[in-house]
Amino acid sequence: MAELRVFKTDQELNVLRYVCEISSEAHKAVMKAVKPGMYEYQLERFIEHENDNGHFSVFRHHCYYHGGCRHLAYTCIASSGCNSSILHYGHENAPNSKEIIDGDLCLFDMGPEYNCYASDITTTFPCNGKFTEKQKIIYNAVLAANTEVFKTAKPGKFLYLLIL
Numbered sequence: 002m003a004e005l006r007v008f009k010t011d012q013e014l015n016v017l018r019y020v021c022e023i024s025s026e027a028h029k030a031v032m033k034a035v036k037p038g039m040y041e042y043q044l045e046r047f048i049e050h051e052n053d054n055g056h057f058s059v060f061r062h063h064c065y066y067h068g069g070c071r072h073l074a075y076t077c078i079a080s081s082g083c084n085s086s087i088l089h090y091g092h093e094n095a096p097n098s099k100e101i102i103d104g105d106l107c108l109f110d111m112g113p114e115y116n117c118y119a120s121d122i123t124t125t126f127p128c129n130g131k132f133t134e135k136q137k138i139i140y141n142a143v144l145a146a147n148t149e150v151f152k153t154a155k156p157g158k159f160l161y162l163l164i165l
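Counting in this note's numbering, the sequence shown runs from 2 upward without gaps.
Hint data in this document are derived by calculation from the structure and do not stem from the laboratory.
For every residue, glycine included, the Cβ atom is placed at its ideal position computed from N, Cα and C.
Fair warning: there could be bad hints in the mix.
[Claimed, not checked] Result set (DSBU-like, lysine-lysine): computed pairs, CA atoms no more than 35 Å apart in a straight line:
| # | residue 1 | residue 2 |
| --- | --- | --- |
| 1 | LYS33 | LYS155 |
| 2 | LYS131 | LYS155 |
| 3 | LYS29 | LYS137 |
| 4 | LYS135 | LYS9 |
| 5 | LYS158 | LYS99 |
| 6 | LYS36 | LYS155 |
| 7 | LYS137 | LYS158 |
| 8 | LYS9 | LYS152 |
| 9 | LYS99 | LYS155 |
| 10 | LYS29 | LYS99 |
| 11 | LYS36 | LYS9 |
| 12 | LYS137 | LYS33 |
| 13 | LYS158 | LYS29 |
| 14 | LYS29 | LYS9 |
| 15 | LYS131 | LYS99 |
[Unchecked claim] So the derived label-pair ranges between C-beta atoms look like this:
| # | residue 1 | residue 2 | range |
| --- | --- | --- | --- |
| 16 | ARG6 | HIS89 | 20 to 30 Å |
| 17 | HIS72 | ALA34 | 17 to 27 Å |
| 18 | SER98 | HIS72 | 40 to 50 Å |
| 19 | ILE87 | GLU13 | 12 to 22 Å |
| 20 | ARG6 | THR153 | 17 to 27 Å |
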């Protein structure tokens, strides 16, 4: 059974590429919508527009309307400022209710599901569209590490070798 999950057919790879592309585009749509003064819960459930059926989440709406992804793969994580460093922030006992302050970094961990395959993308960006110098240094260091791992990752490589 494990081998069935590890090895993918070309069709399965195409589905994975598709759901990741839809998720990436939805993340971009949310990034464009975020503004200082909003609240964290609005990142996840930000109202793009209303109709007879009520309100729409930008992320969920984009995934469904543009990609046919009817479900999210997991509960969205939407955080800002210091809360962005808390793993799996924003649950019933710690709601994501902080106001987003100008200069805060926002972190989204969101992904849709399509044909039983899921995307899992986390993005970090400044709510006002501009990194501070300190934020830029840290962001670029993480980006450089990420880029090196992607250069090293090849079919047949073991994951533990990538993180050493």
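Now for the hints, and whether the structure bears them out:
1. LYS33 - LYS155: Holds. LYS33 to LYS155 sits at ~33 Å (cutoff 35 Å).
2. LYS131 - LYS155: The given pair, whose Cα atoms are some 34 Å apart, holds under the 35 Å limit.
3. LYS29 - LYS137: holds (19 Å)
4. LYS135 - LYS9: Answer violated: LYS135 to LYS9 is near 41 Å, above 35 Å.
5. LYS158 - LYS99: violated (41 Å)
6. LYS36 - LYS155: violated (39 Å)
7. LYS137 - LYS158: holds (31 Å)
8. LYS9 - LYS152: holds (21 Å)
9. LYS99 - LYS155: violated (40 Å)
10. LYS29 - LYS99: holds (22 Å)
11. LYS36 - LYS9: violated (40 Å)
12. LYS137 - LYS33: It holds: about 19 Å lies between the C-alpha atoms, which stays within 35 Å.
13. LYS158 - LYS29: Holds, at roughly 31 Å.
14. LYS29 - LYS9: holds (28 Å)
15. LYS131 - LYS99: holds (20 Å)
16. ARG6 - HIS89: 20 to 30 Å: For ARG6 and HIS89 the Cβ distance comes to about 23 Å; the hint holds.
17. HIS72 - ALA34: 17 to 27 Å: At roughly 21 Å between Cβ atoms, ALA34 and HIS72 fall inside 17 to 27 Å, so the hint holds.
18. SER98 - HIS72: 40 to 50 Å: Since SER98 and HIS72 have Cβ atoms about 25 Å apart, the given range 40 to 50 Å is violated.
19. ILE87 - GLU13: 12 to 22 Å: violated (34 Å)
20. ARG6 - THR153: 17 to 27 Å: Since ARG6 and THR153 have Cβ atoms about 23 Å apart, the given range 17 to 27 Å holds.
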